[in-house]
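2 protein chains.
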Amino acid sequence: MTFDAPRFIRDVFQPESFAIIGASDDPTRIGGRPLAYTRERFAGPIYPVNPTRETVQGLPAYASLADIPGPVDFVLIAVPAARVEHAVRDCAAKGVRCCLIFSSGFAEVGDMAAQARLLDIARPAGLRILGPNCLGLFDAAHGFFPTFTATLDRGLPDGGHVGVVCQSGAYGSHIAYLNRLRGMGVGRMLTTGNESDISVAEGIHALAHDEATGCILAYAEGVRDGPAFREALEAARQNRKPVAIMKVGRSEIGAAAAASHTASLAGEDAVFDAILRQHGAFRARTTDDLIDIAVATRPRIYPTGRRLGIVTISGGAGVLMADAAADHGMAVPPMPQAAQDALRAALPFATPVNPVDVTAQVFNDLPLIRTNMDLMLGQGGYDSIVAFFTSLAGSPSLSGPLRDALAGSLQDHPEALIALSIIAPPAVVADYESAGFIVFEDPSRAVAALAALSDFGAAFARPPLTADVPAAADRLPPGALSEHAAKAVLSAAGLPVLPEALAPDATAAVAAAEGMGYPVVLKVVSAQITHKTEIGGVALNLGDAEAVAMAADGILSRARAAHPDADIDGLLVAPMAPAGVEMILGIQRDPVFGPVVMCGLGGIFAEVLRDVTFRAAPFDLAEAQRMIGELKGQAVLDGVRGRPGGDRAALAQALVALSRFAAAHAEDLETCDINPFVLHDSGGVALDAVILGAG
Amino acid sequence: MTFDAPRFIRDVFQPESFAIIGASDDPTRIGGRPLAYTRERFAGPIYPVNPTRETVQGLPAYASLADIPGPVDFVLIAVPAARVEHAVRDCAAKGVRCCLIFSSGFAEVGDMAAQARLLDIARPAGLRILGPNCLGLFDAAHGFFPTFTATLDRGLPDGGHVGVVCQSGAYGSHIAYLNRLRGMGVGRMLTTGNESDISVAEGIHALAHDEATGCILAYAEGVRDGPAFREALEAARQNRKPVAIMKVGRSEIGAAAAASHTASLAGEDAVFDAILRQHGAFRARTTDDLIDIAVATRPRIYPTGRRLGIVTISGGAGVLMADAAADHGMAVPPMPQAAQDALRAALPFATPVNPVDVTAQVFNDLPLIRTNMDLMLGQGGYDSIVAFFTSLAGSPSLSGPLRDALAGSLQDHPEALIALSIIAPPAVVADYESAGFIVFEDPSRAVAALAALSDFGAAFARPPLTADVPAAADRLPPGALSEHAAKAVLSAAGLPVLPEALAPDATAAVAAAEGMGYPVVLKVVSAQITHKTEIGGVALNLGDAEAVAMAADGILSRARAAHPDADIDGLLVAPMAPAGVEMILGIQRDPVFGPVVMCGLGGIFAEVLRDVTFRAAPFDLAEAQRMIGELKGQAVLDGVRGRPGGDRAALAQALVALSRFAAAHAEDLETCDINPFVLHDSGGVALDAVILGAG
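Just so you know, the sequences run in chain order A and B.
In this text, residue positions in the first sequence follow UniProt numbering: the first is 1, and each later residue adds one.
In this text, residue positions in the second sequence follow UniProt numbering: the first is 1, and each later residue adds one.
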């Protein structure tokens, strides 16, 4: 289903007429606030519906929706839960496009049926539902404020580059208000409450197509429709709209609290994290993170590189910012020698390397700060600049001239990205921001924000995600495949496996081994025996025919003894693989996002440290390489203390093949584990594999 | 040397008389600001020294220090570098107690000699030096402001519970100013610049003994005198003064920048981190961290437990705070059933578990919020509470009644620690803070701050660090000990080693093996051969006399071939130890902090993931257990996937013994590596050891 963004914006954010069922004459009540706010600026007709009054807040009131003479695009329902269904029925009958339900008492208190009935009424009529249990929305440019958040008592928002999309109404208005206090205009806020119909994903998707929106701040407790959520993120990425998301329920404690709070299906958190990385969205860990993204994205400049130039009037703060750069994967390369020489000539008191310490002396001669900035921007080769000027930049006498000096540089380098770490009153901060600078108090947060902009830049530069899902050759049978069958399937999918033979008995095993050359490995083959090692079903490093014959008999008798009812297909005979770096690869079917591929270092890395990473399938080679780059223990692949390393390219290719296999079998594959996948200096091989078909 | 805190405070912060060499008539110049600021409130005499003027800023000027009739306690030197030495000489002659040198042009530009000369003059006269290259200090209660920070133009500080001690002047005044903007009073600021004499450690130590100081915020690029720094932190801990430290140069980039910036000896960063943990100081990663500690420590309440109660009017924010609690090692236990029942009865609309979602409805009946808080404080068993009330708590109509309702609870539970996550104007925030609450905007930062308070509480509750350094039995010889000698030394120090015999030849090795029982291990013994395995100098798992004899001959001949000049003592014969969990233990002599003990999981954990932790020696069993608890891979000790675990108690005892050995040999031990130290289900044993004597 293709998402129709213009239609969504028209129906949900920008209707031409507005009615309120349960409109209150008291502008401080839940049914009164939206009317009081909206009537201030809304261009279209507003119809209060209240059968007990002639007028509501001075507007003529209607006894019912049906009594309203003209068409009504959008209806706000602010009546007790018991009367909501009737109101929704009226909306459907009236041909309303969207109804917003403030009322609580539905899925969030366990009444799924009542909520489902609303949808049953709305869907056939083409009526969208926002909520129930929802705090509402606003569209500042449209003058439309159907929300009861009290933060609007302190002035209606005038719009701006920030779009807020939140499941939680209280948290949504919290961050919208914080943005406004920080001077970041919020153009639209959408809170989705119980998400019976309209979801956070749709809100993101709509704003991704909106020119006025410069960044999207979102909050989710869980995502129900994984593909729609991914499409929304992908639309934002392709339209160069940064998305920052607070997804709560990260911890076990948090997840328990989330489950008791809303009727949400929370996908496994590591998978959610992977989805955000795959689509280039920023995962906020704190509320400050969200606000910082709003601040940093105002210039809409997204560098693809990570070379940071640091200007400071305090050597100490310079070191602090260099530390922060290292924390966030930013490079702090020195100025080129020629630029250093030029800087030393112009500012003899400065340390001209990087960090460039211009000292507080520079404030005695402000044109020098322009000289410095011009040199760094013109010759430094930096992707972004952070400058620590502390409270000096906010002083009444210096702030104007400093801003002008810096703004001159920015005019000559319009694509330059400059963050200032300063302390200044809000009006002075606003002046710097209007001139194109990003302003933070905390120097570490400034650096973190620049790093996030480079993350966005890199993600925006990547090609569209592949939509090409390969067709499966054959459907997988339900249940467990034998190791031999699993490897055959994976081999057909392009994963490297060793040549191996299935031998029904000891004699055949010896014959197969003679053909391969020694040493060999023997393993029992049975779909019913998944823990082969534990029952003595594996023999390694067999050096001659006699050893193979003895081992074969032993394995078969032990297997029959341990699993008398198992169908034993025989013995797998394979060459003994040389040692290498053991990886664990796998596929799991996420209930929300479908098949995801896992990659980790084997053994304790995966088990103790959970040093594994995920991606939704399918993906390309570059994405596979990014996955590998996320493993904390990846240095093992380079070889440690004389041990051989592992072939990253072979690993990446295996991951891509596995991801295409996963996508092709989205319907009929439950899980796949390749453990170990052994990497050598050149190449790699799946030594063991378990595949479980769905159904 | 015992640190004399009252004397330091008198000499440095609270002199009775004050002279300024280089005093300027212009109150905006570096030599003019300190005079302008200090004369506003300072009770004692102030003497401008300026040979070219009759008066300075209206005060009678003196041509030289010697011309001043009475005694002078404190002298500020604000003259070019070339004239500083002369000024210090004048101070020494006048009997001044402390001189503060603003001037730059000393160690920070490489002129160590000039800086050393100042000390040579000052020391014999008992004159302390602050600086050079220093921005100065202030003591608000004493009305003493010898600093040129322009932030004081916006009003002199009125004092408060925060003490700021910073090497960097610009950063020091940055955070002092941020504290003031945040409404946190700063009682004292000390910046130390080049630290020719007075150090950050002394500043911390002095404030640790000051009743008015409630928390100490410090910044350091490096620490020169490790023991003095540790004594300062320990004094703060024993006096229940929280210390938060920003130590820059964490990263390699940062460390390089630090080295080019000041003449500091930066200790290895991981060691610095360990020292802070050992003394219960908080390591700030960002400037916000520092300010947050100032905000959180105002009530001076430090719980020893980590049970967090969460109150919220938004379910989503509740989950968010539960996530943050998990991030910071806080527990979020449910309310006891009786308290849940009582709460459900009183607030039927609330979710009464934990997080307790009181919903925005509670604002319709504020006494209920008191009921809720009383139940959580009285019956919840929580160590601290965080409450998310967003902008509702800041609204003009609600803020007063809400504060009164909450303050009633606090009066009944004066030891309760309650943090509010709210959005409110500064004056309203100040009201909540005066009533005893901790106030943050960001709910995650509120939780992080409460966790830090619990960290402080746990550290404050620990006994004083042991000062009992054991005497060494014998001095270690310089250079490498043989493995046999190293193990004998460690065994004498109380570390478990296997019984082993030194055999000069194959015959003796067989005799020793027969006495021990098979299997055994053989290793070549030579102080000159440290990489035994690489030259074939080790044989494992020898099962009988014949195997031992063959292996012994082979090892000796390979060792002689590889190291013809080595003195070979013979062969070490030892029982073959069973497999277990391999740890790596060690001692290194830190140039700043002396002997430190390392503990890590062996192999790739230590090498690839740097999953190791340090402590300065000596330390006790509880500290050793905390060390082990810091290892990310510690789950290996509990056994992973059927593998045997390791005996934590035996490991902790070994670490304590190693720490006492390290302390006893602080002078004559360079390094010690025990790799591996193998842990079994019960007990552990050092299987290999390298000791390098100092000198």
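Don't take each hint at face value.
Which copy is meant is left open, so a pair is good if it fits within one copy or across any two.
[To be verified] Taking lysine to any residue and the SDA-like style, the derived pairs with C-alpha atoms no more than 25 Å apart in a straight line are:
1) K532 <-> R643
2) K532 <-> A473
3) K632 <-> I584
4) K632 <-> G494
5) K632 <-> G436
6) K532 <-> F460
7) K632 <-> L609
8) K94 <-> A652
9) K94 <-> D365
10) K532 <-> A508
11) K94 <-> F460
12) K532 <-> P644
The set of hints was computed from the structure by calculation and includes no laboratory data.
We went through each hint and held it up to the structure:
1. K532 <-> R643: Close across copies (17 Å), not inside one copy (28 Å); limit 25 Å.
2. K532 <-> A473: neither (29 Å within a copy, 55 Å between copies)
3. K632 <-> I584: both (14 Å within a copy, 20 Å between copies)
4. K632 <-> G494: Close neither inside one copy (27 Å) nor across copies (36 Å); limit 25 Å.
5. K632 <-> G436: neither (37 Å within a copy, 43 Å between copies)
6. K532 <-> F460: Answer is neither: 47 Å inside a copy and 54 Å across each miss the 25 Å cutoff.
7. K632 <-> L609: Answer is both; intra-copy 9 Å and inter-copy 7 Å each pass.
8. K94 <-> A652: neither (56 Å within a copy, 75 Å between copies)
9. K94 <-> D365: neither (70 Å within a copy, 39 Å between copies)
10. K532 <-> A508: So K532 and A508 pass the 25 Å test inside one copy only (20 Å; across, 45 Å).
11. K94 <-> F460: neither (43 Å within a copy, 68 Å between copies)
12. K532 <-> P644: Between copies, since 20 Å is at most 25 Å while 28 Å is not.
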